[in-house]
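Those sequence lines, one after another, are chains A and B. With positions in the first sequence counted from 1, the corresponding number in our numbering is that position plus 1008. With positions in the second sequence counted from 1, the corresponding number in our numbering is that position plus 1008.
None of these hints come from the bench; they were simulated from the model. Values in this document were obtained by computation on a predicted structure and should not be read as measured data. Be aware that a few hints might be false.
For identical chains, the list gives no copy identity; a pair is met inside one copy or between any two copies.
Unchecked claim - Below, a list of computed lysine-lysine pairs in the DSS-like style, where the Cα atoms sit at most 25 Å apart:
no. : residue 1 : residue 2
1   : 1095      : 1267
2   : 1112      : 1267
3   : 1036      : 1112
4   : 1216      : 1258
Protein chains: 2
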Amino acid sequence: MFNKIALIGIGLIGSSIALAARQKGLAKNIAISTRKQQTLDKAKSLNLGDEYFLDAKEAVKDADLIILCTPIGTFENIVKNIAPSLKQGAILSDVGSVKGHVQKILSPLIPKEIHFIPAHPMAGTEYSGPEAGFSSLFEGRGCMLTPSEKQDKSAIKLLSDFWQGLGSNVEIMDAEHHDLVVAITSHVPHLIAYNIVGTASDLEGVSKSEVIKYSAGGFRDFTRIAASDPIMWRDVFLTNRNAVLEMLEKFLGDLDELKSAVDRGDGDALEELFTRTRAIRRSIIEAGQEIDMADFGREK
Amino acid sequence: MFNKIALIGIGLIGSSIALAARQKGLAKNIAISTRKQQTLDKAKSLNLGDEYFLDAKEAVKDADLIILCTPIGTFENIVKNIAPSLKQGAILSDVGSVKGHVQKILSPLIPKEIHFIPAHPMAGTEYSGPEAGFSSLFEGRGCMLTPSEKQDKSAIKLLSDFWQGLGSNVEIMDAEHHDLVVAITSHVPHLIAYNIVGTASDLEGVSKSEVIKYSAGGFRDFTRIAASDPIMWRDVFLTNRNAVLEMLEKFLGDLDELKSAVDRGDGDALEELFTRTRAIRRSIIEAGQEIDMADFGREK
C-alpha cells in the first residue's frame, strides 16, 4: 500500500503499527526512528522494521507516510527537525490523544506540499516500550482522523484505508469535538484513576499494605489505568486542559449529587443510578468494545 | 468439616461458596434457601446443594454454620425469622461488605448460645445470580472476620478454617477498621465508577453512542465495576455511609489539587503522581492480587 512508512517513536503504539502493517502487507519498507540507542537496539532485536535511525530526519527520507508515535510534548521539535527532509506529497500523521493542540502547534511548521492528517487510534494497554506492541491492538477499535477542511481528499482516503487495514474503525471528525469525546471516554477516567490510586496509597487510617491486600474489591481495576505511561499522560493533560476541566466539572457536579444521596440515605436514587449504569456496560459489550466475560475474563 | 451448612441467598457469592465447599469437602450437607421460586429452581438445576427451601428458617434447622448471602438490607428480617430455629452452638455468619452496621443491627437479635461471627470475603465479579458462581472465586483473596472480642475462640477458628478451606487469606480485625479499609479499596472505587458512567451516559456535547464507540480509551474499565449488582451496592452505601464519606472527602481533596495542577499546567506534579501510581500496580501484582498481563489479559 505504501512504499515506505516512517515511524518516529517505537513504543507500544509505534511497535503495534509496525507489526500490524507488516502482517497486513501495508508497507514495503518500514523505517524506525527513536532517540535512545537502547530503544533502537530493542526494536532491531524484535525485527520491527527494515531501517533504523537515531535521527528522525534520516528516517523520513522518501517516506510516503510518516507517523509521530512519541509523547505529544515532543512533536514540535520533531517536526521542526524533519520538515525540510519530507518528501513532496507525503502524508504526515501522528497518534496523539489530543488533536486541537497538535493541529495548532504543528500546522504552521509543515510545508504546504505535505498532507498533514492528525490521527488518534483509541487503543492501548498499560504497558509501554517496543516490546509491549502486538499486531491486533487496533482491531475493532476506533481511530479518529481530524484533517482540516481543505485537506486533500485522496490523502485522507489513503490514511483512512491504512488504519482500516490495521483493523480500526475509522471516523473523521473535527479536532475540537474529538478532544471533548476523548476527555470523557479516556482522559477524565485516567485522571480519576490516577487520583484514587494516589489517595489510597497515602492514607492515615489504612496502610498501603492493606490497600494492596484487599485491592480485589474494585481498587485494583483502577490501578491498571493508573499504570499507563506517565510522560504520555502528562502531555495529554498539559494539552487538553480545557476539555478535561469541562468534563471534570460535570463529573464533580454529578458526584456532589451522589454524595448527597449517600449522605441522606436515599436508596431509590442510588438504585436508579446503579441500574442505569449496568445497562451501559451491556451496550459496550454489544458494540464489540468489551468482552462478555466476568471480571474481564481474568478470574477463572 | 461441617455436618450441615445453610446458605441463605444463592447469588454470586452463595453459589460460589456452595461449589467450593462441595469441591473441597467442607460440608456433608448444603441447605439452600432463597425467596424466589425461580432462583431456587435455578439453584436446583445447577445442583448447588442438597436441600432447597423458600423459607430460611427451614433451611437452618440442624445447620452447624449458617451464612447470610443476601444484600445487607435483608439481614434484619432474615435473622428475626431464623433466630428461633437455630441449633444451639451453631455459627451464624454473613458475607456482607459492611461490618459495623451488620454487627450493630444483628447482635441484639441473636440468641446467646449462637456464635455470631461476621465475615466479608473480598471477591466478586460484576455478574450476579446462582449461575454466576464458580468454585475458585475466593482463591488467594482476602476474607475478613470481625467477631466481637468476647466471641468463642474455637468457633472463630472453625469459621477461619472454613474460609481458608475455600482458598481465602483470612484476617481478623475489628468492624470499624474493616469498614474503613473497604471504603477505600472497594466502596469509593465503586461510587466513582458508578458516577463517571452516569456522567458519560448523559452529556450534551458527546452522544451516548460516541461514548460506547470510544470506550476502549479507559472508560470501559469503569463500566465493569459500575455493572455490579444494584441492590447489593445500594445497601452498601446505605450502611457504610460514614466511612464512605470520610474516604470520599480525601479523594475529593486530592482531586482538587490534581485539577489545579492540570489548570496551571504543572507537568512535574502530574508526572510525579503518575509515576507513583504506576508502582502501586506493580506491588499489587507482586502480592498476587492481580494478573501480570497487559489489559487484564483481555486483548490479545
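Hint check:
1. For a Cα distance limit of 25 Å, the shortest separation of residue 1095 from residue 1267 qualifies neither inside one copy, at 57 Å, nor across copies, at 42 Å.
2. Proximity of residue 1112 to residue 1267 under the C-alpha cut-off of 25 Å is restricted to the inter-copy arrangement: shortest distance 24 Å between copies versus 39 Å within a copy.
3. For a Cα distance limit of 25 Å, the shortest separation of residue 1036 from residue 1112 qualifies neither inside one copy, at 32 Å, nor across copies, at 71 Å.
4. For the identical chains of this complex, residue 1216 and residue 1258 are inter-copy neighbours only, at 15 Å across copies versus 31 Å inside a copy, given an alpha-carbon limit of 25 Å.
This entry does not satisfy hints 1, 3, going by the numbered hints stated previously.
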